[in-house]
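Participant: Residues per chain, in single letters:
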Amino acid sequence: MADDIILLDFWPSMFGMRVKIALAEKDLKYEYREEDLRNKSPLLLEMNPVHKKIPVLIHHGKPICESQIIVEYIDEVWKDKSPLLPSDPYERAQARFWADYVDKKIFELGRKIWTTKGEDQEAAKKELIGCLKILEGELGEKPFFSGENFGFVDVSLVTFSCWFYAYERFGNFSIEAECPKLIAWTKRCMQKESVSSSLADPFKICGFVVLLRKKFGIE
Amino acid sequence: MGEEVKLFRTWSSPFALRIVWALKIKGIEYETVFEDLSNKSPLLLQYNPVHKKVPILVHNGRPIAESLVILEYIDETWKQGPLLPKDPYERAMARFWAKFGDDKVLTSIWSVFIKQGKEQEEALVATMENLKFLEEEMKGKKFFGGERIGYVDLALGCLANLISIFEEIVGLKIVDEEKLPLFYSWMQNFAEAPIIRDNWPPRDKMIVKFQALLDAAIASSSSS
Chain A
1 MADDIILLDF WPSMFGMRVK IALAEKDLKY EYREEDLRNK SPLLLEMNPV
51 HKKIPVLIHH GKPICESQII VEYIDEVWKD KSPLLPSDPY ERAQARFWAD
101 YVDKKIFELG RKIWTTKGED QEAAKKELIG CLKILEGELG EKPFFSGENF
151 GFVDVSLVTF SCWFYAYERF GNFSIEAECP KLIAWTKRCM QKESVSSSLA
201 DPFKICGFVV LLRKKFGIE
Chain B
1001 MGEEVKLFRT WSSPFALRIV WALKIKGIEY ETVFEDLSNK SPLLLQYNPV
1051 HKKVPILVHN GRPIAESLVI LEYIDETWKQ GPLLPKDPYE RAMARFWAKF
1101 GDDKVLTSIW SVFIKQGKEQ EEALVATMEN LKFLEEEMKG KKFFGGERIG
1151 YVDLALGCLA NLISIFEEIV GLKIVDEEKL PLFYSWMQNF AEAPIIRDNW
1201 PPRDKMIVKF QALLDAAIAS SSSS
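In order, the protein sequences belong to chains A and B.
With the first letter of the first sequence counted as 1, position 167 gets the number 167 in this note's numbering; the numbers rise by one all the way through.
In this note's numbering, each residue carries its 1-based index in the second sequence increased by 1000.
In case anyone wonders, no lab produced these hints; they're calculated from the structure.
Each computed SDA-like pair below joins lysine to any residue, with the alpha-carbon atoms no more than 20 Å apart:
| id | chain 1 | residue 1 | chain 2 | residue 2 |
| --- | --- | --- | --- | --- |
| 1 | A | K79 | B | E1090 |
| 2 | A | K62 | B | R1091 |
| 3 | A | K53 | B | D1102 |
| 4 | B | K1104 | A | L45 |
| 5 | B | K1086 | A | Q68 |
| 6 | A | K105 | B | K1052 |
| 7 | A | K133 | B | K1052 |
| 8 | B | K1132 | A | L45 |
| 9 | B | K1132 | A | M47 |
| 10 | B | K1053 | A | D103 |
| 11 | A | K53 | B | V1105 |
| 12 | B | K1104 | B | F1133 |
| 13 | A | K105 | B | K1099 |
| 14 | B | K1086 | A | I69 |
| 15 | A | K215 | A | T116 |
Just some of the chain A residues that point at chain B, by a computed CB distance under 10 Å:
| id | residue |
| --- | --- |
| 16 | P49 |
| 17 | V50 |
| 18 | H51 |
| 19 | E66 |
| 20 | Q68 |
| 21 | Y73 |
| 22 | V77 |
| 23 | P89 |
| 24 | A93 |
| 25 | Y101 |
| 26 | K104 |
| 27 | I134 |
Just so you know, these numbers come straight off a predicted model, no measurement behind them.
In this text, a Cβ means the ideal position worked out from N, Cα and C, and glycines have one as well.
Full structure from sequences and hints, please.
Facilitator: So, in structure tokens, the structure goes:
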């Protein structure tokens, strides 16, 4: 009741996990509600009538939708603890740019890998590795994307890492072999409790993908 | 100490227009570099190696890309004439509507323009659904930002010009004044607002450009 926060989420969603990490970074208590996306609750439909999607953060009864927007909101409201965005406007612009890059590329490419075969799948694999290498380049030798501290870009990307096992299994490739520094970064992030307690188990994600593939008739 | 502000853009890019408006609203002096996207300059490729697109804002030699990211940078760097509200919830809502504009509204309106037959009909239905949300959001307001033009107005603003251009080329009504009275008024108010009205790209050039794009799309879909 303290902060009056409800999170509407779906356990495999890498977007919902971003919000969980942000809430944990700020040490916030909240009510977690699992949605069944085949049977969306009246609350979800009321709080996100435009997209009818999760995650939705409900703070003092008012909804905020779209994971990056929710994370920025959390960062602005609880600004005194563990800031996720830097304070310098240029550094902030860079962080927003890279978080936007993650949004534009990773989800769709990952999805193509576990829903397609043959040439389409090969193209998606190649493109995903290309994007991860670009991100790896941006990370460079820094521990986290904006430097010494875990921040906004890390939150945006690390939640995909629990889906890597599923991508690798169905795409028959190794992300670590291609992007060892990025995988090292994911392990560094996982040492933080906010991350390890928010990410789903990669084996469970893989099992979920198996079920989805059956449902979509992919073989 | 001088501020050096450069904007890399094309003459017609709706995303670049957002930046032109923001800079002018805040009274920021800047230099324009026009790009030919069929022959991108080495500077463009250096400043935006990831996407190789415009607009790019270069401030004191440091580049920022992606128009909505640039708008937030401008708002945080030059505090006069604020574009985003101060309250975190209102800011989240502004960001939400700008993203909705890019992800859904622009996409469906583009489909109405570029597609034919059943696909066009479906795009019209989707557009109407999307615009109804914006209509709702306009209740009691002159602009999305309230009394003054703000972030959401700039994000959606290109629609105030593009929609009428598309309607003229395709011969279809996309925004019916009776069905979407508030959104229709917003389009008029925004298009004629000071600064905005002085910076539209030439309409005749736009008609030629988009007609050519449509002709090419029809040609390639009928030859496949």
